[in-house]
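Q: Sequence:
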Amino acid sequence: MSNKNEFKAFSASQDANVVSQGEYEESRDLNTGIPPNIISIGLLNKVLRQSSIISSVVADFISTQCSDDVLDDGDIVKLTTQLNRALEQKITTEIPSASLAQEGIVQLTNMLGNSSRLAATQKLIQELADSFNDNLSNRVPSIRKVNGKELSEDIYLGAVDVGVYTPEQIDQKINIEVDRRIDTELDKKISTEVDKKINTKGNKNTAGKAVNGWWKCGDTGVIYQWGRTDVLQSGHVARIQLPISFSNMDYSVNINPIQSKIGSMGAVIGYVNVIDNSSFDLLNSWVNARWNSPFFWIAIGY
Numbered sequence: 009m010s011n012k013n014e015f016k017a018f019s020a021s022q023d024a025n026v027v028s029q030g031e032y033e034e035s036r037d038l039n040t041g042i043p044p045n046i047i048s049i050g051l052l053n054k055v056l057r058q059s060s061i062i063s064s065v066v067a068d069f070i071s072t073q074c075s076d077d078v079l080d081d082g083d084i085v086k087l088t089t090q091l092n093r094a095l096e097q098k099i100t101t102e103i104p105s106a107s108l109a110q111e112g113i114v115q116l117t118n119m120l121g122n123s124s125r126l127a128a129t130q131k132l133i134q135e136l137a138d139s140f141n142d143n144l145s146n147r148v149p150s151i152r153k154v155n156g157k158e159l160s161e162d163i164y165l166g167a168v169d170v171g172v173y174t175p176e177q178i179d180q181k182i183n184i185e186v187d188r189r190i191d192t193e194l195d196k197k198i199s200t201e202v203d204k205k206i207n208t209k210g211n212k213n214t215a216g217k218a219v220n221g222w223w224k225c226g227d228t229g230v231i232y233q234w235g236r237t238d239v240l241q242s243g244h245v246a247r248i249q250l251p252i253s254f255s256n257m258d259y260s261v262n263i264n265p266i267q268s269k270i271g272s273m274g275a276v277i278g279y280v281n282v283i284d285n286s287s288f289d290l291l292n293s294w295v296n297a298r299w300n301s302p303f304f305w306i307a308i309g310y
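In this text, residue positions in the sequence shown follow this note's numbering: the first is 9, and each later residue adds one.
To be clear, the hints were calculated from the coordinates, so they are not data collected in a lab.
Glycine included, every Cβ here is placed at the ideal spot set by N, Cα and C.
Incorrect hints may appear among the rest.
[Unchecked claim] Label-pair distances were calculated between CB atoms; the ranges are:
| # | residue 1 | residue 2 | range |
| --- | --- | --- | --- |
| 1 | Val245 | Lys197 | 15 to 25 Å |
| 2 | Val114 | Ile62 | 31 to 41 Å |
| 3 | Ile46 | Thr72 | 25 to 35 Å |
| 4 | Leu116 | Glu185 | 23 to 33 Å |
| 5 | Thr72 | Phe18 | 48 to 58 Å |
| 6 | Ala127 | Glu158 | 14 to 24 Å |
| 7 | Val219 | Tyr279 | 46 to 56 Å |
| 8 | Ile46 | Val114 | 55 to 65 Å |
| 9 | Ala127 | Glu102 | 15 to 25 Å |
[Unchecked claim] In silico DSBU-like cross-links for lysine-lysine, where the CA-CA straight-line distance does not exceed 35 Å:
| # | residue 1 | residue 2 |
| --- | --- | --- |
| 10 | Lys16 | Lys98 |
| 11 | Lys86 | Lys98 |
| 12 | Lys131 | Lys98 |
| 13 | Lys12 | Lys86 |
| 14 | Lys224 | Lys212 |
| 15 | Lys16 | Lys86 |
| 16 | Lys196 | Lys224 |
| 17 | Lys98 | Lys12 |
| 18 | Lys212 | Lys197 |
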């Protein structure tokens, strides 16, 4: 008695009232769905045929592999269980776990080779083991000798037998090499220390010779820096950037107006405020008069 399959293909005959595959793929309803009140019977039949044929094929596969009835009763859990069992049955009956006759999950072999898809049988492994043992036992015949010593018993080979240094000779060579390396390292150490001592004396002074320049003492590290500002309007502040940075903010700055005007009307005066180790602010103040003037400055620090 054949199993029952209630999932049937719809509109499956050749003269079925369905649109062609080309019309179906070009239909704008393919992505948006069939709009209400405007139904193309041929298009609707095409949709039902595609889904029903696939359903019928899957149901027939379940029925064939499981020998079960496949019913349209809305039991999704049951259908899922039947499909899983059908797939397991298909794999079990048609794909062997291991076989010498055909490829399966694992294919065995009795032959040596370089394949990465075959597994060795117990017979092949035993043959390899026997061959290895026979080869090992016959590799060095007992009648052979090493440096005149028979292989029928344990033999001792000294340094002279194999042409190497004796322990005493090795110790002597090691001591000579160690002494040589110690002398070399000591020479390097002495040379380095002497260079350090020499280089700490008489280091060259360096300088940047420009309108805004600097000079650094090679022995003490004391730095002199100087420069000239643009014309600074009275009552204005200018941020002066040093040519090079001091190592700290403990430096002094002296300023002098280049076009000082002294008289009954007053005089140009400037004030300095250290900002950081590389800049300071300069204020053009005045007494009784508002005169614009450039300034010359000199900074001393280390």
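Q: Quickly compare the C-alpha distance for Lys224 and Lys212 to 35 Å and report which way the hint goes.
A: Holds, because 9 Å separates the two Cα atoms, which is no more than 35 Å.
Q: Is the hinted pair Lys196 and Lys224 satisfied, with a Cα-Cα distance of at most 35 Å?
A: Holds, at about 32 Å.
Q: Checking one constraint from the list: CA of Lys16 to CA of Lys86, max 35 Å. Satisfied?
A: holds, 18 Å
Q: Looking only at beta-carbon atoms, does the pair Ala127, Glu102 fall within the given range of 15 to 25 Å?
A: Roughly 20 Å apart at Cβ, these two residues keep to the hinted range, so it holds.
Q: Is the straight-line distance between the alpha-carbon of Lys12 and that of Lys86 35 Å or less?
A: holds, 15 Å
Q: Can you tell me whether the CB distance of Val219 to Tyr279 sits inside 46 to 56 Å?
A: violated, 22 Å
Q: Does the beta carbon distance between Leu116 and Glu185 stay inside 23 to 33 Å, or does it fall outside?
A: violated, 59 Å
Q: Given the hinted pair Lys16 and Lys98, is their Cα-Cα distance within 35 Å?
A: At roughly 23 Å apart (the allowed maximum being 35 Å), Lys98 and Lys16 satisfy the hint.
Q: Looking only at beta-carbon atoms, does the pair Val245, Lys197 fall within the given range of 15 to 25 Å?
A: Because 56 Å falls outside the window, the suggested range is violated.
Q: Has the hinted range 14 to 24 Å been met by the Cβ atoms of Ala127 and Glu158?
A: About 45 Å separates the Cβ atoms of Ala127 and Glu158, which means 14 to 24 Å is violated.
Q: With a cut-off of 35 Å on the C-alpha distance, tell me whether Lys86 and Lys98 pass.
A: holds, 18 Å
Q: Can the suggested window of 55 to 65 Å be confirmed for the beta-carbon pair Ile46 and Val114?
A: holds, 59 Å
When held up to the earlier numbered hints, the structure conflicts with 1, 3, 4, 5, 6, 7 and fits the remainder.
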